[in-house]
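Residues per chain are reported as follows:
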Amino acid sequence: MTDLLRRLLRTPQGAIGSALLVLLALLCLLGPELAPRDPEAIDFLGRFRPPGAQNWLGADQLGRDVLSRLMTGARSTIPLALLATLLGTLAGAVIGTLSAYLGGRWDEAIMRNVDAVMAIPGLLLALLLVSSLGKGSLNATLAIAIAFTPGMARVTRSVALNVRAQDYVKAALARGEHASFIVLREMLPNVVGPVVVETTIRVAFAVMLFATLSFLGLGAQPPAPEWGLMVAEARRFVHQAPWIILAPALAIGVTAIAFNLLGDGLRDALNPRDER
Amino acid sequence: MTAAPPASPVLAIENYSLDYTLRQGTARVLDGVNLSIGKGEVVGLVGESGSGKSSLAWAIMRHLPRNAVEASGRLSLGRLDLRGLDAKGLQAVRGKRIGMVFQDPSTALNPTLRLGEQVIEVLMRHRGLGRAEARDAAEAALAEVELRDPAALMRRYPHEASGGEKQRVVIATAFATAPELILFDEPTTALDVITGARILELFARLRERTGVAALYISHDLGLVSRVADRVSVLRQGRIVEEGAPEAVFLDPRHDYTRRLVAAVPRPHRRLVDDAAGGDTVLAADGLSVRYGRRRLFRPPPPPATKAVSLEVRAGEILGVVGESGSGKSSLARGLTGLAEFDGGIHATGRRLDHARKMDKAYRRAVQIVFQHPDSSLNPRMRIGDILARPLKLYGGALSDIPALLEQVRLPADYARKYPHQLSGGEKQRVAIARAFAARPSLVICDEITAALDVSVQAQVIEWLLALRRQHGTAYLFITHDLNLIRQIAHRIAVMQQGELVDLRDAAAIDAPDAHPYTRALIAASPAPVG
Amino acid sequence: MSTGWLLRRLFLVAYTVLVVSVLVFAITQVLPADAAVTLLGENATPEALAAVRDRLGLNDPIWLQYWHWLTAALTGDFGHSMRTGQPVAPMMLTALSRSLLLALLSILLMLAVAVPLGLWAALRQGKAADLVTGFISYIGVSLPEFVTATLLLIVLADWLQWLPATGYVPPGEDFWDSMAHLVLPVLTVSIIMVAHVSRMVRSETIDVLHSDYIRAARLKGLAPRSVLLRHVLRNALLPVITIVALDVGYLLGGIIVVEEIFALPGIGRQLIVAITARDLPPSRPARWSWP
Chain C
6 MTDLLRRLLR TPQGAIGSAL LVLLALLCLL GPELAPRDPE AIDFLGRFRP
56 PGAQNWLGAD QLGRDVLSRL MTGARSTIPL ALLATLLGTL AGAVIGTLSA
106 YLGGRWDEAI MRNVDAVMAI PGLLLALLLV SSLGKGSLNA TLAIAIAFTP
156 GMARVTRSVA LNVRAQDYVK AALARGEHAS FIVLREMLPN VVGPVVVETT
206 IRVAFAVMLF ATLSFLGLGA QPPAPEWGLM VAEARRFVHQ APWIILAPAL
256 AIGVTAIAFN LLGDGLRDAL NPRDER
Chain Y
3 MTAAPPASPV LAIENYSLDY TLRQGTARVL DGVNLSIGKG EVVGLVGESG
53 SGKSSLAWAI MRHLPRNAVE ASGRLSLGRL DLRGLDAKGL QAVRGKRIGM
103 VFQDPSTALN PTLRLGEQVI EVLMRHRGLG RAEARDAAEA ALAEVELRDP
153 AALMRRYPHE ASGGEKQRVV IATAFATAPE LILFDEPTTA LDVITGARIL
203 ELFARLRERT GVAALYISHD LGLVSRVADR VSVLRQGRIV EEGAPEAVFL
253 DPRHDYTRRL VAAVPRPHRR LVDDAAGGDT VLAADGLSVR YGRRRLFRPP
303 PPPATKAVSL EVRAGEILGV VGESGSGKSS LARGLTGLAE FDGGIHATGR
353 RLDHARKMDK AYRRAVQIVF QHPDSSLNPR MRIGDILARP LKLYGGALSD
403 IPALLEQVRL PADYARKYPH QLSGGEKQRV AIARAFAARP SLVICDEITA
453 ALDVSVQAQV IEWLLALRRQ HGTAYLFITH DLNLIRQIAH RIAVMQQGEL
503 VDLRDAAAID APDAHPYTRA LIAASPAPVG
Chain Z
38 MSTGWLLRRL FLVAYTVLVV SVLVFAITQV LPADAAVTLL GENATPEALA
88 AVRDRLGLND PIWLQYWHWL TAALTGDFGH SMRTGQPVAP MMLTALSRSL
138 LLALLSILLM LAVAVPLGLW AALRQGKAAD LVTGFISYIG VSLPEFVTAT
188 LLLIVLADWL QWLPATGYVP PGEDFWDSMA HLVLPVLTVS IIMVAHVSRM
238 VRSETIDVLH SDYIRAARLK GLAPRSVLLR HVLRNALLPV ITIVALDVGY
288 LLGGIIVVEE IFALPGIGRQ LIVAITARDL PPSRPARWSW P
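Residue numbers (this note's numbering), protein chains in the order written: chain C, 6 to 281; chain Y, 3 to 532; chain Z, 38 to 328.
Here chain C stands alone, though its shape is the one from the complex (with noise of 0.2 Å):
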């Protein structure tokens, strides 16, 4: 494991991304504490205060601190993009594992099905699923889980085959190995390095995926310091208030680029091959 932490922190995408992602992490659960005043104290003489000593990045059409609104909207877009990513990985991860055990007219005929889901673009998915299901930052996440599953499941399928045609695999067969403990023990610990990648780069479109639906007034609601939302409230102030709405849009773009480079670092840092 931290032969694992030395390699990823070598590749400069690792190393900023990890760095980044502390930040982050550290945003999320401290956030609300660290924050320089209080997100939803309304100021109306202050309103529109450009960035300066009093608000560092400047007070919305409300008056409140931008800054502390961003810190503590951390914690209202990342925790539950990452949740969503979990539970479709999750889901993704069972169907599409069952589906490369399985093999042949199983297999084929469950990915069929998936390519068929698959072609309904992802926004469109969870817009969908959102407008059945109602507004709301559980739904959303909900949405986002279930429009990640096809995805998820074509990678764990294609990863899982590619071990499944190893010879070790193979050889575990011919002594004849119980099923449980191929998959447990030979195919599992080498089919999490490809799909753990793929989630991180994933959490990174959630991000963006969560924050876009609440921009669209269908995930979070307001007064949630959400950033997607942020970026919609701002809108109309877009000409006498720029920082209202740059502050939170590059939040959202940095912590999407904070996890793909993770990502990015994890599928280097996972091939072992460099050593020698």
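Please keep in mind that the hints were generated in silico from the structure rather than gathered at the bench.
Note that beta-carbon positions come from the ideal geometry of N, C-alpha and C, so glycine has one too.
Some hints could be false.
Calculated cross-link-like contacts (lysine-lysine; reagent style DSS-like; alpha-carbon spacing at most 25 Å) [to be verified]: (1) Lys-175(C) x Lys-308(Y); (2) Lys-359(Y) x Lys-308(Y); (3) Lys-175(C) x Lys-98(Y); (4) Lys-90(Y) x Lys-175(C).
What follows is a set of in silico ranges between Cβ atoms, one per label pair, in the way DEER data are often shown [unchecked claim]: (5) Asp-83(Y) x Val-150(Z): 42 to 48 Å; (6) Asp-88(Y) x Ala-217(Z): 50 to 56 Å; (7) Ala-110(Z) x Lys-359(Y): 53 to 59 Å; (8) Gln-162(Z) x Glu-16(Y): 31 to 37 Å; (9) Pro-304(Y) x Leu-148(Z): 41 to 47 Å.
Chain C regions said to be covered by chain Z (calculated; three or more residues, Cβ under 8 Å) [stated by the list, open to error]: (10) 16-25; (11) 135-144; (12) 206-218; (13) 239-250; (14) 260-270.
Use these hints to put chains Y and Z onto chain C, whose structure you have.
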């Protein structure tokens, strides 16, 4: 042919040294190499993996990777200094004065261009022909390499031609510009034995006709000795020996060459001289192995083996020879329950007609070792854990692991290592140790030395025979190397396109009443010089 | 390319469409709350609700509802909006045509930029040009459409005042003005696709450049230009079609957001409006009429 280097050589390499800059430092790939090729001469360059032989070819063609640093030396084509060439100069030399024939014709040809086009473009470029003339010249060039109906072949795409046809196209392209020198980089390694032999015969004829000089690079000392006028042996970047093939083969001076020569399989040098035991350990009865799971909408594929019947006696080494697609590996898969089959297997006193019937007793008695050492060991398990599995399954103590490692001459502390820390040969030894942990009656060896260097192969065979003497195990040894199997097998089975066409004693393999295919295989695998 | 293969492919397409229709039906018709309540409000009498449910065919078994929905859709009858009472189909068609225009322009722009960019980056692999384009692409892929759209809005429409911010002008009315209004939306959608597709083109081209046959072509002494055009491009561009096809799905998602931000009356906007108002026509569309 004399062993002295020629007076005015076509290619002269003088004191050439090449380094690669890696993350860990600089690696010297070639060290003070001296080589020269005279007019019409064929010089063989023999080396195992890591010897730097391919790097020398790239150096001559001036196609070195970015992290290559040429430390010293001269490379001259006639009077032309190759190192001093600029891009334009290179384009005038490559393909025109020096040709190259690559290892794998499937990857050396552009998959989206017709075969004819790929010959024509070279002729247009280097012989300045117009399109129509180039087409005729291309057709003539393909006829020279003895391809039937060149015009039709020219219209085909690479994936529509066989390996042998593609390699002939590549050879035709190289010869068509009448170069002074052609580099051959393992041209028959990716081909079947019989196809490869025909290519070599073609090469001999072309050489006579054109008098071109050639550098023939290969890992196969036996093959090179039949093809070359002079042989240079390359070891870790240094030329350790050179001379006429007979001299190098019959009277090697350097230690390494001696070991290399000793490792080359020679059919008449038997390594096993006892007789096989009496009882049958395993018998296959009309075994038809089916490959591939059944898919939706598609007809099931034909069986990979057609009703194969054979038997292995206690302590016997039964060789199974055939080319790719012969079904020999499928046979191994059927016998270990990795593929479905029709027919029966007699072993451990029972008759099995389905993989599901293979119980623990069978699994213990019949073990398998695979071809690729890189993929047969789980990269995320330590060697000790890998060896512990059969012990747990078939009874045995974990304390046996050091003894198992000792049997294949590996130190006991290797148990803590991971597979990627071992070399290819070491991994294969672990795979063998794993098979023997079960104390089997039969070990199926599925081309286990095909991916190994010749010297490593010789060692692995040595251990296999030692283990056999110790435990009395029988082997089903699958290989495409007829020379190798003739050294060790008691009986040899020959497979062709899924059928067992011949099964006879090893001593009688070249008898006149052998199957024509068997005789073709023997003709294609001649004993090396000496 | 046998007929068998073709038939198999067509069957798969039909099957995919079927599954998608079932899925959409399930999500939009089966999951939501009682359509009758949505229509008449919370305070309607049980009798009125029952009457409406009957009219809408909500009491039919699900598979019958699906059948009606499907057959109606196939004949072009998509029901009536519960809000406005107007037939949905003609509205959808106009909106669709506008979205298609946006989509088409975006794809064209994307192809014109992404393919050469990817090729160029591949040819200059490891050098400054490659690293810079890589960096920019990375950022492009990490910004959701609404962020890119907002940034472009701020810079091009607000600060520099080069382009109108939002709104739609039909091409028939005033061509140049119409185009001016489309620049920002097309740019937004294209930027992300360019980032994505150019990386894939780059990676494909790098694979081709390192392949054995390109090495063989170089060692045959062919002119570099000929190697590039005949050998590299032929093989690198073939998968581009697949790459673009895969991205089209993503494009649809981008269009939804962009239409919302730039107030373009396309199909995406319709969808958002309908969703936020929960206006999805129930399954017996043909029989419905506003009382």
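Each hint tested on the structure:
1. Lys-175(C) x Lys-308(Y): holds, 23 Å
2. Lys-359(Y) x Lys-308(Y): Holds. Lys-359(Y) to Lys-308(Y) sits at ~21 Å (cutoff 25 Å).
3. Lys-175(C) x Lys-98(Y): violated, 49 Å
4. Lys-90(Y) x Lys-175(C): violated, 52 Å
5. Asp-83(Y) x Val-150(Z): 42 to 48 Å: With Cβ atoms ~45 Å apart, the hint holds.
6. Asp-88(Y) x Ala-217(Z): 50 to 56 Å: At 52 Å between Cβs, range holds.
7. Ala-110(Z) x Lys-359(Y): 53 to 59 Å: holds, 54 Å
8. Gln-162(Z) x Glu-16(Y): 31 to 37 Å: Given a distance of about 34 Å, which is inside 31 to 37 Å, the answer is holds.
9. Pro-304(Y) x Leu-148(Z): 41 to 47 Å: holds, 44 Å
10. 16-25: Three-residue rule not met by the segment 16-25 of chain C, so violated; n is 0.
11. 135-144: Since three or more residues must qualify, the claim that chain Z covers the segment 135-144 of chain C holds, with 4 doing so at under 8 Å.
12. 206-218: The restraint on the segment 206-218 of chain C holds, since 5 of its residues have a Cβ under 8 Å from chain Z and three suffice.
13. 239-250: holds (count 5)
14. 260-270: holds (count 3)
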